[in-house]
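Colleague: Those protein sequences? They're chains B and G, same order as listed. Residues 1 to 357 in UniProt numbering are what the first sequence spells out, letter by letter. Residues 1 to 870 in UniProt numbering are what the second sequence spells out, letter by letter.
Note that these hints are calculated values from the structure, not bench results. One should not assume that every hint holds.
[Stated by the list, open to error] Restricting the straight-line Cα-Cα distance to at most 25 Å, the calculated cross-link-like pairs of lysine-lysine (PhoX-like) are:
id : chain 1 : residue 1 : chain 2 : residue 2
1  : B       : K188      : G       : K777
2  : G       : K781      : B       : K295
3  : G       : K777      : B       : K153
4  : B       : K295      : G       : K729
5  : B       : K153      : G       : K861
6  : G       : K683      : B       : K331
[As the list claims (entries may be wrong)] Among chain B residues calculated to face chain G with C-beta under 7 Å, some are:
id : residue
7  : R12
8  : R13
9  : Y16
10 : K17
11 : T19
12 : V20
13 : G25
14 : R161
15 : T185
16 : A302
[As the list claims (entries may be wrong)] A few chain B residues that face chain G, going by a derived Cβ cut-off under 8 Å, partial list only:
id : residue
17 : R8
18 : A9
19 : A22
20 : G184
21 : R281
All C-beta atoms, glycine included, are put in the ideal place defined by N, C-alpha and C.
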Amino acid sequence: MSLRRSTRAEVRRNRYKVTVDAEEGRWRREDNMKYREGLLAQQQLQQQQLLSSTADSEKNFEAAWVLTNIAAGTSDNTKVVINHGAVPVFVKLLASLTNNVREQLVWALGNVSGDSPKYCDLARGHASMLRNATWSLSNFCRGKPRASFELTKLALPTLERLIHLNDEEVLTDACWALSYLSDGTNEKIQVVIEAGVCPRSHPSPTVLIPALRTVGNIAVIDTGIIAPLVNPLQHSEFEIKKEVAWAISNATSVGSHEQVKFLVSEDGIPLCDLLTCLDPRIITVCLEGLENILKVEFNVYADLLNNTWGLEKIENLQSHDNNEIYETTVKILETYWGEDEDEPQPLVILHNLVSIL
Amino acid sequence: MAMEVTQVLLNAQSIDGAVRKNAEDSLKQFQEQNLPVFLVSLSGELANEEKPVETRKLAGLVLKNALDAKEQHRKFELVQRWLSLDGNAKSQIKACLLKTLTSPVSDARSTASQVIAKVAGIELPHKQWPELIGSLLSNVHQLPAQAKQATLETLGYLCEEVSPDVIDQDQVNKILTAVVQGMSSSEGNTDVRLAATRALYNALGFAQANFSNDMERDYIMRVVCEATLSPEVRIRQAAFECLVSISSTYYEKLAPYIQDIFNITAKAVREDEEPVALQAIEFWSSICDEEIDILEEYGGNFTGDSDIPCFYFIKQALPALVPMLLETLLKQEEDQDQDEGAWNIAMAGGTCLGLVARTVGDDIVPLVVPFIEENISKQDWRQREAATYAFGSILEGPSPEKLIPLVNVALTFMLSALTKDPNSHVKDTTAWTLGRIFEFLRGSVVDSPIISQANCQQIITVLLQSMKDTPNVAEKACGALYFLAQGYEEMGPSSPLTPFFQEIVQSLLTVTHREDAGESRLRTAAYETLNEVVRCSTDETAPLVLQLVPVIMMELHNTLEGQKLSSDEREKQSELQGLLCGCLQVIIQKLGASEPTKYVFMQYADQIMGLFLRVFACRSATVHEEAMLAIGALAYATGADFAKYMPEFYRYLEMGLQNFEEYQVCAVTVGVVGDISRALEEKIVPYCDGIMTQLLKNLSSNQLHRSVKPPIFSCFGDIALAVGEYFEKYLMWAMSALQSAAELSTHIAGDDELVEYTNSLRNGILEAYSGIFQGFKNSPKTQLLIPYAPHILQFLDGIYMEKDMDDVVMKTAIGVLGDLADTLGSHAGSMIQQSVSSKDFLNECLSSEDLMIKESAEWAKLAISRAISV
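With the rest of the complex left out, here is chain B (with noise of 0.2 Å):
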């Protein structure tokens, strides 16, 4: 269809003698915004990445690959590797967004660290190589996006080893790498539980706070693990006590409703002794763990925490000026004790959907 007279003459006269077109300028600022197109595009193209086998990827396969192999063979051999400074080397490799070269790190840390309670005696000088390596591991397990539990999954043999050695640096982060593989699907944590990894228990904090992660992470399968953890949360350290309350909150949210029985069984509902501490994270976790019990049985539990105090200190953190907390006490309260008739307001009622044309 041809354009109407008038039109025709303004298109011509507005394209007469353009210099600079402002609207293109408008156009190309808005274009520039290339991350517009953002991590969607910017995730898929590092997943992509680990396929293409670009030039430079190659080399760092073969290189880890070489490495690997030297690692394999006798200590002396780790030893030659790790003192040529190969560990900076596996560390920043583990950046590197290839399949390949990451599951063969994954190996030749594995190897390393097999070796290195040997080495650790031999060479103390060079623990922190060590430490690096740990490090670089659970890193590598916690990355973003998350790397294929395929892969981090190898890890697991090294990180068996790893929690047996007496450096705390190493022990806490190899905890850390355990809590990050554990923090999945019931899958995950099932082969984490298989491979019998289990944190042990430790003096230092640091080391405690990611054990007892991790161990709230395996919680959703097995509750039974929260038992000695419930004895913790009345006398330890306050940042433990926050570990142990957020086991347990997860494990309210994931376990099944029997499981969920039982957590309760072994100690009345011993997060009401959190609600009154000054950390709003802590509250809330331990709100969020209250909520998911009164929903498997509500009278029961309702009742108990009745007879506790516990809805007494429910009820006095409506006065809490963290606004999560203030709604989430509202939510709860409104719901189980029904202080407000309104039924809850859906995000938005619409009449119709979509309407796209």
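Fit chain G to the given chain B structure using the hints.
Modeller: Just chain G now, with coordinates in the frame of chain B:
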């Protein structure tokens, strides 16, 4: 049952505002109280020969406004309202309208014509009012000239209102016969002939079948060509307008007539009055447009898979066409460069010459060069200007090999003319020509580059000096600098402009402060050029760009120190704020691109954000698009720290999302929500309830422009990716909206524009799915997505089967398949295996020539094989 509306309609045109307001209120009230009676009364008023002409006209206008509106949703409401109106009332109204066509009062007739066309526009597509065309046509042959003229006019408007497929060929034939008869030289009445010629203009779109028939086409073409020779100038103009329309609608049918048309147009260009001559030139411009499109579609491979072949009319006409156009260049008006509305033969001819150069390339050069040489140094400014313009207009199209030798000779002359020519018009065109040299011949592969170390200094000195010239010349000089800077984009670490950077920036800032910078869009040009200079600058000048930050901030600050402003001043101030925000955006992007500069820049972040917030605050109802964009850039540069600005910024974000009226603002804001999500990641959670609620409302609204809907879906993806499993809260809502949009967008048939829209919609939907899958990946809540997987796979299969997706959608779609497999893993294995997408579609993508599609497909393949094997 009719009501008395005459007095109210008279009052509605009173000079007394209060009376007018009162009358308008009454009209609104009538309409609300009893619509059928009100509309019948209006049509009665229009048809009543005893009523004053003003009330008849206004009655018709109010009636017309009750049938049609500019806003799509309002229009839709009015159409529905009319369709459901009482049948009796509608018959009465239509009878009145048709009767009015025979009125002796010309205003009444012409108003009735337009209203009839509006009613027809609603009813004909619903197969209602079938007798309309018949009764109109029966008039034509019997009635007095006035009624005949009104009827032809009605047919013209009708063709404008309805689409060709709702009128069957038999009726089209009758309409065309009546119209062409009315146009022919045997029609003695000038008004009738004019009305018929104008009606043909609108009816041409209906004449596909007739133009395929040699005899009918010959007849129509003969009548149109004859009309171009009518003694009445308005008829000649209307006839040339028909030719212009034919040139684009029926390009492929023109070969037998092109020689005659050339003769007719050449005569009109040389001898006829300006409105006619302009149309005659437009005919050739339009042919150029067609051939440029066709040749572009050929795109180098001459297999000719374009639907329409190129007839090379321009190439054939070249030896006669170019001299004719060159002549027009000499017919400049004195101050056309200062007059924004100017449009004359010289401008139209110059435009056409540029299009001809783009159509034929090298062939035009030898035809124009002698004209340039002949005139460029003449005493008369018109000749110098025409020669310069001719040179400027052939710079796009011909090959650099052909042009560079010419430019190398001319450059020094041009640079000298820009400062020394006594005529401002010549300087204006010279600066424009320099800009085109830099635009089209930069980075050319030919050995002798146009800009060398040697003349760079001179070029910049001359351009900066010209920025002090009259606003129109200064604006062109800015433009030349703009393209000069653009030529050094991504040049590497060093640019020849580096030594002059400071001086250039200083000069541009000086231009922005000129008293007369409001004329000829000079201020805008100066800021846009500054942006370009910054954007294309290298690391060497990063410290200078940093120094610019407080300078621009201060400028913006000054606009905010407001005294009371008039609405006119306020508008100007807002425009300036937009320019400054745009400039800051470019600077933020530039400095944010490398860590060291970003680090230093961040010291200003708080203050800049404060200024942007104040820009919003000084507009009461709406937010500033440019400030919004700049904030998006700032969020990207700031990352998670942007959270500290959110409490204050959030209300403006919400305001932007609610701005349906200025939907571009809404669209920009949706984009900024994406930027902020990426920057804040989990820290956006506290704002998600509000944002998601608003976005869902926007999706459901039929008042928000449709172009904003696809980015809203993409934005879901950004948010899901940012907040991960926290998105659970919105999952059900987002997925329902996505699902219904997905269903709607699977099959949409329509014109190219609708297909393009559909694809952008699909892309938005797919990006949302992608973001959601990736956001939930490795979360214990992944299984929440499983119930949605079948539908998503069905959607992928559906759009694959439609075979109308573009490359972008294809890439995103195959990516979603990969994300689905990757996130859901074995849960989705068998579902995936059953889908068409995982086989045919995947294979098609794997063998795609588009690298992006191929890569996405390979990733999807891997993800699927993992999902299946586990």
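Colleague: It remains to establish, for every hint, whether it holds in the given structure.
Modeller: Structure-based check of all given hints:
no., hint, verdict
1, K188/B with K777/G, "holds (13 Å)"
2, K781/G with K295/B, "holds (18 Å)"
3, K777/G with K153/B, "holds (17 Å)"
4, K295/B with K729/G, "holds (17 Å)"
5, K153/B with K861/G, "holds (23 Å)"
6, K683/G with K331/B, "holds (22 Å)"
7, R12, "holds (5 Å)"
8, R13, "holds (5 Å)"
9, Y16, "holds (5 Å)"
10, K17, "holds (5 Å)"
11, T19, "holds (2 Å)"
12, V20, "holds (4 Å)"
13, G25, "holds (4 Å)"
14, R161, "violated (25 Å)"
15, T185, "holds (6 Å)"
16, A302, "violated (25 Å)"
17, R8, "holds (6 Å)"
18, A9, "holds (6 Å)"
19, A22, "holds (5 Å)"
20, G184, "holds (6 Å)"
21, R281, "violated (13 Å)"
Hint violations for this structure: numbers 14, 16, 21, all remaining hints satisfied.
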